[in-house]
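Chemist: Its first residue numbered 15, the sequence shown is counted upward by one per residue in the working numbering.
Simulated from the structure, these hints should not be mistaken for lab results. Treat the hints with caution; some may be incorrect.
Claimed, not checked - Cβ pair distances, simulated, as ranges:
| hint | residue 1 | residue 2 | range |
| --- | --- | --- | --- |
| 1 | Ile137 | Glu231 | 16 to 24 Å |
| 2 | Gln327 | Ala213 | 18 to 26 Å |
| 3 | Ala138 | Leu62 | 28 to 36 Å |
| 4 | Val60 | Arg242 | 35 to 43 Å |
| 5 | Ala321 | Val224 | 47 to 55 Å |
| 6 | Ala295 | Glu89 | 29 to 37 Å |
| 7 | Asp194 | Ala219 | 39 to 47 Å |
| 8 | Gln314 | Ala230 | 35 to 43 Å |
| 9 | Ala339 | Gln226 | 44 to 52 Å |
| 10 | Ile51 | Ala114 | 25 to 33 Å |
| 11 | Asp298 | Ala223 | 25 to 33 Å |
| 12 | Gln327 | Asp140 | 44 to 52 Å |
By construction, the Cβ of each residue, glycine as well, lies at the ideal position given by its N, Cα and C atoms.
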Amino acid sequence: MKVRYFGLLWLGVLGLFLLVACGGGDRAESAGTDTPILVLPTLEPVELSGAPLKVVATTSIIGDVVGQVGGSAIELTTLMAPGQDPHSFEPAARDLTAVAEADLVFVNGWDLEEGLVDSLAAIAGDVPVVPISARIQPRVFSEDDEDEADHVEEEHNEGEHDGGEHAHGAIDPHVWLALDNVSLWVDNVVTMLGSLDPANESVFATNGAVYQLALAEMADYAAAGIARIPPERRLLVTNHDALGYLADAYDFEILGTVIPAFSTLAEPSASDLAALIEVMAAHDLCTVFSETTVADTLAQTVSGELANCAEVQVLPLYTGSLGPAGSPA
């Protein structure tokens, strides 16, 4: 078994960082003791009568991890096709049917899948809904960041925010962009699948162990590559605040985001964009990283205002979803 698809996605992110050699420190911090960590439920075995477990995964990235751990012992349905934005995805009738008929549903946790929250709440108690991000220490938007945002607003009083700012206490759901967190994902999937289907517990454990070895190799490769980037060049500007876990893991600094929020559904104000342009100009940054799952219109707007740059790059990253067939991820 090869950890092919998620590995290509993650290495693609790393490769662009090495190419541009600019990175970032974030505007969020690790959660304190007041922020609850998600936990795994206790599940009892299900009667399968020789049939495979019916498992649903929400995003294409979660589906890749679950599919490689479950292998042929599960019947996997992934709700989101490659290229779909998990924040804006709205389920179709067939998706809701798949969820209702499943033995187990894996979600990211912390409401990443905003359009699925109500639908999943409706089946609570009938189908186990498991946060694959259980046991992971989350990042939250802190009071210091809120004070900084207020200061920026005072300096750039060009209108009210349009919902783009972080809510105080908001949790960053993009945990898969740190490999240690993906390792916990794998352990969680092994545990949950084995709880429901003890007959295949050893299969899940073996597949999980193979995946963990591949993640360890990927981590070594990433550490060696990032070591080539001077610390003073580890500065990032992104389309929305999605790379904080990666920044924490490799000592990048996120100087700003086009959409100052953990969700792509938020909208920045004119003052948000003005502040970001000012920061980029001050640091001679001429690259914005944007997701492949959303239009880069706002990022292009920012890039057009950077008069100090001979050339501005808006580079796509596969961060929220795997890519379609034939893509780098």
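Chemist: Honestly, do Asp194 and Ala219 meet the 39 to 47 Å range at C-beta?
Modeler: Roughly 20 Å apart at Cβ, these two residues miss the hinted range, so it is violated.
Chemist: Hint says 47 to 55 Å; check whether the CB-CB distance for Ala321 and Val224 agrees.
Modeler: With a Cβ separation near 51 Å, Ala321 and Val224 satisfy 47 to 55 Å, so the hint holds.
Chemist: Taking 28 to 36 Å as the hint, is the beta-carbon distance of Ala138 and Leu62 inside that range?
Modeler: violated (23 Å)
Chemist: With 25 to 33 Å as the target window, see if Ile51 and Ala114 comply at their CB atoms.
Modeler: Given a distance of about 28 Å, which is inside 25 to 33 Å, the answer is holds.
Chemist: CB of Asp298 to CB of Ala223, is that within 25 to 33 Å?
Modeler: Violated - the Cβ-Cβ distance for Asp298 and Ala223, about 46 Å, lies outside 25 to 33 Å.
Chemist: Verify the CB-CB distance for Gln314 and Ala230 against the hinted window 35 to 43 Å.
Modeler: holds (38 Å)
Chemist: Okay, Ile137 versus Glu231 on CB: inside 16 to 24 Å?
Modeler: Violated: the Cβ-Cβ distance is about 38 Å, outside 16 to 24 Å.
Chemist: Can the suggested window of 29 to 37 Å be confirmed for the beta-carbon pair Ala295 and Glu89?
Modeler: violated (53 Å)
Chemist: Can you let me know if the beta-carbon spacing of Ala339 and Gln226 is within 44 to 52 Å?
Modeler: The hinted range 44 to 52 Å is violated for Ala339 and Gln226, with Cβ atoms some 27 Å apart.
Chemist: Does the Cβ distance between Val60 and Arg242 fall inside 35 to 43 Å?
Modeler: violated (49 Å)
Chemist: At the C-beta level, are Gln327 and Ala213 separated by a distance inside 18 to 26 Å?
Modeler: Cβ of Gln327 to Cβ of Ala213: about 52 Å, so the range 18 to 26 Å is violated.
Chemist: Evaluate the given range 44 to 52 Å for the C-beta pair formed by Gln327 and Asp140.
Modeler: holds (48 Å)
In summary, the structure is inconsistent with hints 1, 2, 3, 4, 6, 7, 9 and 11 from the numbered list given earlier, while agreeing with the others.
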